[in-house]
Amino acid sequence: MQGLTYLVVAYVIVWVGLLAYLGVVMLRIRGVRTELAAVKELVREQQEKRS
Amino acid sequence: MIFFEQVIAILWKDIRYELRSKQMWAGMGLFALLVLVIFNFAFDLRVDNRAAVAPGALWVSFVFASMLGLGRTIAAEREKGSMDRLLLCPVDRKAIYLAKLLGNMLFIGVVEIVALPIFAALFNVPLLLGPLLPIVLLGTLGIAAVGTLFSAMAAATRARELLLPILVFPLIVPIVIAAVRATGTLMVPVSNEPPWLGLMVAFDVIFLSISMLTFQYIVEE
Amino acid sequence: MALARQDTNVKRRDASGPGQAERFPIVSMVLLALTFIGMMISIWMIFLYAPTDAIEGDAQRIFYFHLPSAIIGMLSLGIVALGGIVYLWKKDERWDWVARAAAELGTVFLTFALITGSIWGRTTWGTWWTWDARLTTTLILWFIYIGYLMLRSYMGRTPASARAGAVLAIIGLIDVPIIYESVNWWRTLHPQAVLPLGSSPQLPLEMLLTLVVAFITFTLLFSFLMVQLYQLEKMQTLAQQLRASVE
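Residue numbers (this note's numbering), protein chains in the order written: chain A, 1 to 51; chain B, 1001 to 1221; chain C, 2001 to 2247.
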């Protein structure tokens, strides 16, 4: 019976860890996307100023 | 043999530079001794466990002292900007690496030579300088071969004192194991011991050649 | 003036490519769907289909997640080193993105392998950790990954950083078998409890099948995450380049 507890604990850790990691990756991608958009806007502005 | 002339020229420059800073030498030697003293307290050395603990204490102090000494030359050169000038010279990168390696080995070696007799006295173990010498030499070469390469890497970052051991310690595990076991076998002969010296020779040859080949990628700007 | 404008124009065209067009990348959608289906099938197989091990009991089922993540985490170092070698050879930034992504995923998968392995060891061997050659090598490989990631984050997104990472990965890849052998030799002198690791000559067909399905699922998961991280690296590099062109 004790083996079952460890089994459940192991899979819970893996699942929670995996989902947390997936969430972190998604957040990072979203963050970079917004940053990229902001920087592109900056580049465009500067270009307009120049011309 | 222009290659070896270059190696010796760079090495000689480093040695003259190091001779001017005597505190560093004294500091490294003192550090190695202090590690030995701390080990003495940590393990409460007695007659029965001395042979088991002493080799480990010796090599831990050597490894720590090497980490302090390694990369000092390259870091100093980078700070003063003389590394860039050295790279501008038509010098083979392999020659630079070899000179730095020999310089590091020399400095670590001097500290080890000083620390060994004191280690023998403090831990009350026979010195056995003859058979111990090849082990110390091969072990130091292995640590320095990997360490010189990575010190050039770590010198380019802000956190080089922290980064160097983090990068080097995992990679020199075979050398540490082999050196400790080989030293231990000298104190208490064990039959049927794996060929530790062979392992160290193989490690040294492999990583010396790879480091020589890859050093150019690290110092290139 | 005109020259400068042309220069930024070229950069803009470069920049507008990957950001927009791959908002909904078909490859990662397919991979995600396949991973999800694989996960569902492997969960069913692990908990319901595979028979309970006669000796180890239910805890043996941890193995179906442990083994694939350990193997993929280790093979990841090969990808990091391969990316590094090709980068040194061709000077193509994209291979460095591959290497960085693989290093991060290798760390994640090895972390899972170490945690699940430790829990499994607690039930089967009665200890959380033993200095067996395989475990020790895995731990040291994990340290190498961490060192790689730290080095890369300290050095930033420069060609020097990419070259240093490549060298570290090559040295690490060559060192891992030597570490394994040395720990193996070191431990043979200290006979510990004989470990049943790998001593499963006749795995029942159901168990083997479950293991294969779990392995495929983890490979799919790895590929999916790899695509995501690659895109992430790409966008980060692009953002940095654009920012540098503005300032």
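Hints were generated in silico from the structure; no laboratory data involved.
Backbone N, C-alpha and C define an ideal beta-carbon position, used for all residues, glycine too.
Among the hints, a few may not be true.
[Claimed, not checked] For lysine-lysine, the following DSS-like pairs were computed, each having C-alpha atoms within a straight-line distance of at most 25 Å:
| id | chain 1 | residue 1 | chain 2 | residue 2 |
| --- | --- | --- | --- | --- |
| 1 | A | 40 | C | 2090 |
| 2 | B | 1094 | C | 2090 |
| 3 | C | 2234 | B | 1094 |
| 4 | B | 1013 | B | 1094 |
[Unchecked claim] Partial selection, computed: residues in chain A whose CB lies under 10 Å from chain C:
| id | residue |
| --- | --- |
| 5 | 29 |
| 6 | 32 |
| 7 | 35 |
Here's how the hints hold up against the structure:
no. : hint              : verdict
1   : A:40 <-> C:2090   : 29 Å, violated
2   : B:1094 <-> C:2090 : 22 Å, holds
3   : C:2234 <-> B:1094 : 34 Å, violated
4   : B:1013 <-> B:1094 : 17 Å, holds
5   : 29                : 5 Å, holds
6   : 32                : 5 Å, holds
7   : 35                : 5 Å, holds
When held up to the earlier numbered hints, the structure conflicts with 1 and 3 and fits the remainder.
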